[in-house]
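Asker: Sequence lines, in order, name chains A and B. Each residue of the first sequence is one higher than the one before, starting from 1 at the first, in the numbering used here. Each residue of the second sequence is one higher than the one before, starting from 163 at the first, in the numbering used here.
Don't read these hints as lab results, they were simulated from the structure. A virtual CB, placed ideally from N, CA and C, is assigned to each residue, including glycine. Hints may contain errors.
Said to hold, decoys possible - Listing some non-contacts, in silico: residues in chain A with all C-beta distances to chain B over 12 angstroms: (1) LEU37; (2) THR68; (3) GLY81; (4) LEU85; (5) ALA88; (6) PHE126; (7) ARG129.
To be verified - Just so you have them, the derived chain A footprint on chain B, three or more residues with Cβ under 8 angstroms: (8) 180 to 186; (9) 190 to 196.
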Amino acid sequence: MFLKNRDLAGNVQAETDGGFPSRMKTSTDLHFKTYLLIFLMVIFGPLGNVFLGKGMKELGPSSTGSITGVVGFVFHVISSGTIWLGIASLLTFFVAYTLVLSWADYSYVQPASAAAYGMVALLGHFVLREVVSPLRWIGVILICCGVLVVGNTPPSTTIEGK
Amino acid sequence: MIVLILYLLIVGAGTGGELCIARGMKVVGEVKDFRPLALLGLIPRVLRVPWMWAGVGLMATAFFSLLAVLSKENVSMVVPVTALSYGAGALGGKLFLNEQVTPRRWAGVLLVCVGVALVIVGRS
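Go ahead and model the full structure; you've got the sequences and the hints to work with.
Answerer: Quick look at the structure:
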């Protein structure tokens, strides 16, 4: 079987496969790797933001009135272990994000990654024993419903045959 | 006023940067080999795409705006503001990336937007 796909760059991509079972496997693989990378994003995105927030709070307000103030602030930022943990987490998030965008729609990946809000609420409630208000739980449930609805659409709509 | 501008940069430059990254990665093509060496070999190909540079520049602007805001505001206040980017992202995907945003996907995006707004209200 011979498929022709046209991508955003205008290139015609040709691929051969062994027929219907092969295409089904490709579709299953596509969904699996999409879900796996979105899972990594959902874990490492909020983790990075929390580490960065904690690190910046430890440093206090930035003094950007003079060049020496800016240089001193940058030095303090790069010498903070918490901020480096945040940067490493966000880097992992970014790599997963970049890879998944090589095949999946942005309008699919972006709302699907909102599951991170649910993850933060669940971690806050069950791990940190934080009080989560009913309104916030309703919000989390709505986000999860939205993610499920988006998740039931095809991950990629810009390349034919996916 | 400065905080408001920083919030606008986080949302505007952040969404614009992600759209550019998405477009750049579509030019690179679907990644099928996830071995570390293969991923390292991908870097030169990625760096040759101008859209990636535009995206990284915009996302860096959003990132430093985020750092500046985080030194003034609580993370629980700052992070939910990114909810504004979901609607803009779906619209950008349709107009800038030619994605087929079906009514079902719009419904999902709407649910996410409302949900994130409730999470923000529930926190304050």
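Asker: Determine for every hint whether it applies to the structure shown.
Answerer: Hint-by-hint comparison with the structure:
{"no.": "1", "hint": "LEU37", "in the structure": "violated (9 angstroms)"}
{"no.": "2", "hint": "THR68", "in the structure": "holds (18 angstroms)"}
{"no.": "3", "hint": "GLY81", "in the structure": "holds (16 angstroms)"}
{"no.": "4", "hint": "LEU85", "in the structure": "holds (14 angstroms)"}
{"no.": "5", "hint": "ALA88", "in the structure": "holds (14 angstroms)"}
{"no.": "6", "hint": "PHE126", "in the structure": "holds (17 angstroms)"}
{"no.": "7", "hint": "ARG129", "in the structure": "holds (16 angstroms)"}
{"no.": "8", "hint": "180 to 186", "in the structure": "holds (count 5)"}
{"no.": "9", "hint": "190 to 196", "in the structure": "holds (count 5)"}
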